[in-house]
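S.K.: Protein sequence lines correspond, in order, to chains E and F.
For the first sequence, position 76 matches number 76 in the numbering used here, and the numbering has no gaps at all.
For the second sequence, position 56 matches number 56 in the numbering used here, and the numbering has no gaps at all.
Any given hint might turn out to be false.
[Unchecked claim] Here are the simulated DSS-like pairs of lysine-lysine, each with C-alpha atoms no more than 25 Å apart in a straight line: (1) E:50 - F:209; (2) F:138 - E:50; (3) F:203 - E:172; (4) F:209 - E:172; (5) E:87 - E:50.
None of these hints come from the bench; they were simulated from the model.
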Amino acid sequence: MFAYIVRRLALMLVTLFGISIVIFFLLRVLPGNIVDILFDAAGFVDPADKANLERDLGIDQPLVVQYLRWIGGLLHGDLGYSYVSEKPALEEILPRIPITARLAGLALLFSASIGIPLGVISAVYQGSRIDYILRVVSLSGLSLPSFWLGLLILMAGVALFGNIPIFNPNPKTLGEMFSTYCLPSLAVAFRSSALTMRITRSSMLEVLRQDYIRTARAKGASEASVNFHHALQNAILPVITVVGIEAAFLIGGLIVTETVFNVPGVARFLVEAIRWRDYPIVQNLVMFIAVVVVIANFTVDMLYAVFDPRIRYTD
Amino acid sequence: MRPGRTFAGAISSLLLLGGTALSGEPKQGGIFRIYHRDSPGSASIHEGATNSINIPFMPVFNNLVIYDQHIAQNSVDNIRPELAESWRWSEDRTTLTFKLRQGVRWHDGKPFTSADVKCTFDTLMGKSQQKFRQNPRKAWYDEVAEVTTNGDDEASFKLKRPQPSLIALLASGYTAIYPCHITPADMRTHPIGTGPFKFVEFKANESIKLARNEDYWKTGLPHLDGIEFTIIPNRSTAILAFVAGKFDMTFPTEVTIPLLNDVKTQAPGAICVVAPTNISTNIIVNSSKPPFDNLDVRRALALALDRKAFISILFEGQADIGGAMEPAPDGLWAMPKEMLEQIPGYGPDVNANRQEAKKLMQKAGYGPDRRLAVKVSTRNIAVYRDPAVILIDQLKSIYIDGELDVVDTAQWFPKVARKDYALGLNLTGNAVDDPDQSFYENYSCGSERNYSNYCNKDIERLFDQQSQEMDVAKRRKLVWEIDRKLQEDVARPIIFYSRQGTCWQPHVKDVTIMVNSSYNGYRYEDVWLDR
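Chain F with its partners taken away, still in its complex shape (with noise of 0.2 Å):
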């Protein structure tokens, strides 16, 4: 076991013991203070695609379902009723009925009911008269043919084939339900929702306020009065305020490892834990133009690659190596180490890979004499920045001189969209722990997001059939099958996923940090403050 993870586990274990057993009965009262790393664009959670909306926003609001706020593990087994009492599946898995809670009302008075369920998810799916200004997660929804309603207190989801991972996408923090008789513009700036807290005002690059929901549908919660997010995009003012004392928690994984020992020294009280965020940093090869079309320079590439070298560097070895899907044992798909360790690049001796990479480069017809030079590209972001420098410095062990290219964030996703790019480095999140997730939105033919334009049918087809797999054994097995192949392919190489910190002062109760996604954990409905 490696110290990182000791470290974090004997963290989580004391957090364990502090949120139940040492926590005692909960206080009512008190304003939970956060600062906020920057100004979101807007508090529509449907239209974000950052957990800089999803965090301030989500005590707002309630899904039909959520993963349970106190498990640290994402999983379908830990998915819990919210506006919907229970659910259940059809014999032929085909549709997903929900009854819904009785007597709940949106923050404006207005009772929730089936239709609001319908709406949101007509909106969704783009079938709507309302739109959003953008709809990132429509593909979530493909296989939904429609959402019905019977009655007030019952909303179905009829598929088009068996799904499923659809009640884990359901039960993300990206999944709230929205009221139908607010318009998408008015929810940009002014959200309406069921959750534990009201909107009180979002002034940009200021502050987020939010204010207890006294006639919340669970009763006793929330214990905060509420909760104001002070918006502070520098990150050394950030930090020297939590130690001040100033916030009670810092802004959820968005302290980086080296921050955690300042603020480990300089507030000793302070309690941090280190958790993966399913945030995988990789590189985005452009396979549809020379010279990366060709699979043995694609293949050099991800031989030349020494993840520990990154993680040791960028994170003090507190970092994961792994394929597609977040590595064990906090991500629920990832393929066995042994496994891993099979596929090429992946294995532990790095100058063995790199002896192999040459031979390919040369077959290539690249050498000493003839290197390739390639722009690599990226955001001009420091967790972008930072290991592109590292991977250049790597692919010169290849013949390849690789330059920075550093792009302008509104520039990144178009430049990357229209595949203007040779190499680039990119972060992916990943908002739900579930193949499906992954797998249509960054490898799919034609998908927006498959930046590296790989497309193979036949793995295309296992996506099909291990998206439809009731067993989970089975469709595991499946998972990793594919991941398996979609490495070989070089279809997007990952680097490595990393962990973050995030501190809180140590008056914060029933706070739970999840370790497969860092999107779903911000309902707050029970967070205390212990003073």
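Next up, chain E with everything else stripped away, as it sits in the complex (with noise of 0.2 Å):
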């Protein structure tokens, strides 16, 4: 287990490498730069300008010397400056992580905490009225857009309460508390929770058929334990898949949910950048999103030897 462990993390090291150069040089494949841009803005183009701006910004260089000169950096903890606010660009992405964060872990939460009883429920009383309930629900939950459900969120705010959920910086009360990050978490968590609540059931659906469980009901056990105790755990392992996809996910994809909300978190920031072609932002960012995705991969392949003890890792 332990050489598998090293070897996983060996190969996550030679995943983030691999990513870093897509990355570095995607972005340099699009059309413009922070240059084209800036002097867009200004409706001015005097090359000898731009010429002067490319070079102070270092974005005149060969790529592979600017490569080695952000990989360099990261190294050493430096993450450059952003070509637009032109402040270090860790003192202009750290504070957007944990907004991001909080949002994607209440996300996260709700998404489970709904999701699994769910379709656990809707598993146990298949083809009743309550699981044909549970199944419209979870399809308009994966058919609605998040930014219409988003916007009838804060409309619903405004029309009954006179006040608009939108993000709050500084939240003293609970009820700011909820509002800033509760609402929209619960926007995002509709969907998720409607893609858990399928995968539960289908996956709880095929369990519940095995031997193992007529056995477990034919020895006595109560149906709570039935379905908890010998259905879910056996069942649970696409869900953490689907789980940690999700948390991967939510990280960087929250786009839509912070822009509605107004909620100044990692990817509205992203896109920003990626409009200024703000390279330090950009590709320190991404490269961010891609640890956390390649960590939670990691701790999905963890859970499963958790959940099931027939998996173990060897060498």
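Using the supplied hints, reconstruct the complex from the two chains, each of which is provided in its own coordinate frame.
M.R.: Structural data, given as structure tokens:
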């Protein structure tokens, strides 16, 4: 197991190195750079001024030099400076991570705590009225665009309470905390929990038909014990995979929710940075997201072994 | 009189009453909360060409002179002293001397002197060691030979030739005086001014905060404790937040006519003003390449336009038709209506115009069996895209099959600067309602912003002639003549001038929305909150 973990960690480093190359060069394939955009905003193009600025920012250097400079800095904790704000990239990125992490964490929590029990209920009562209702709700969760749901929540806030639940940087009351983090998380979790519910349901349906479930019932185990102890524990692996993928997605994929609820998180910042071709911000943020994805995958693999004792990673 | 104008006029009259007779004694204090439409790239007014920078940062600065902040129409008659106490022209009108205010301090406590004035304009003219990252209004000072000082309290602009409009350019919100002792790089991130509000912080994508300058040189001002701009790029969220009372005012001149109707329904107490912005939507025609190097094809294009259809579809009738200068009565230099209607394509009979256009197209070799296929390039933003779609539809009537070519914002200006287009739809904003700013910038041979490559040496001479003319009536007639020629030459066909809305809560007092520029009215020193 130890050797497996070491090998996985080494592979993670190789993966991240590959990702860094892809990020770096894909970003340069995009047409235009920060200098083009700055001068566009001014509607004025003077080649000499542009060349000076490109030199100042170091983007006149060969790509390999730029790449090595970035990676070298990254290894020393120097993420460079934002081309737009001219502040250290770390200073710009760091405050946004907890905001998105809180949002994503809450969304995951809602997704799992709503999706898994409802999936179990839907499977246990397959074909019943409650199953149909839950399936319709989950289908609507999967098909409703999150920006629409977000706007509905905002409009409901204005219409019902005369207040709009957009991001508040300094929430003071419990209500403010709720509207700042819980409402956007719920908007995200609606889709995510629908997905979790459907995966849980289909996985549970498969497990509930197994012989050992019948045996457990024959031995006189209670329905709760059968469903949650015997069935769910064996049905949980695909759910863990989905939750793991969702966790990775949520860190960089909350753009719509962050935009609608005006949350100054990572995803909105990333899109804005791409718009400005702010390479130091984009490169480092995407690398951060890549690290989260790689760690999430690793954690999922490790959780497999925890939930299913039959799985043992060997050399 | 059109209904839109009647509505705007009525609202403006109400506003005027509210701003003076009814507003009473100003109250001190309060934070003025406004949402901002996007995150500006920097805090340096001189390095920007968008009111995304001007609006939040104009309150940090002073100019030498400024347009009266409570008169909606910017004109030379309404210019007021700011850091200059007075000004005078030399006999030969080639030197403009400013007597500067004494005792003014920068926000960091250092004294303001004439050296700061020289420094600011030397940097703008590219004569200083310090350089701006970009300098979009360098051309405004092409006729300034040098700026000199005489002691700490006098600065003079020496001109290469008379240019009466210089004072109008100096009164723009774009012409802030910068401190000598702060580098352009620092001004982008932490601007220091002499204005009514001090810069506190700018968090990209989040907020911009300004606080009252306790040592402001105008006694008793500003009334507000501060101004906070919350950056909300999503328009629906921003408008809902305004309706919910989270903000005192919308981002100025950013509420579209359909959205304005929503605001009026959901927040009936809100005060909304619809005003012209001096931003024209126009067609840029690449006259250096076929097929638009042919004047007949360009004229056919101009004749095909049904401007009223654009205005009706996009603005529910609330926009204006004009030439190179903003239409009257808000624009100061517009051609009279009867003169405008004589220009091909501006006449009221659209069908007759299009019949004539078809003949010109046939003369150029096109017709029902040989249609002209052309890409209509435009920026991938709704205010550009929507009129481009209507344009394509209208061009079908004169054998032109347009294909929409939407271009990423980052690529738009490089593309038009390279002349890598045949036909484009563009928006042109004028910071100052003055022919010098508009003509030299957009129509002068070799100007970077002359995207259509139009170059006519005869008209160029007329540009210089009007620019030096001291007699306003004579200058106006010259401007009309130039504008007429520009439209007849199809230099850059103007489709319409948009009107946009601004709304604020009833407790906000003494806000004035300018009607011939959307760049000059944001000092906010005597805005106050009645709550």
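S.K.: All the hints need checking, so say for each whether the structure fits it.
M.R.: Checked hints:
About 31 Å separates the Cα atoms of residue 50 of chain E and residue 209 of chain F, which puts this hinted pair outside 25 Å; it is violated. Under the criterion of a C-alpha separation no larger than 25 Å, the hint pairing residue 138 of chain F with residue 50 of chain E is consistent with the structure, at around 15 Å. Between residue 203 of chain F and residue 172 of chain E the alpha-carbon distance is near 21 Å, which keeps this suggested pair within the 25 Å criterion. Annotation: proposed proximity of residue 209 of chain F to residue 172 of chain E holds, straight-line Cα distance about 20 Å (limit 25 Å).
The hinted pair formed by residue 87 of chain E and residue 50 of chain E meets the criterion: a straight-line CA distance of about 21 Å does not exceed 25 Å.
The structure fails hint 1 only (numbered hints given earlier).
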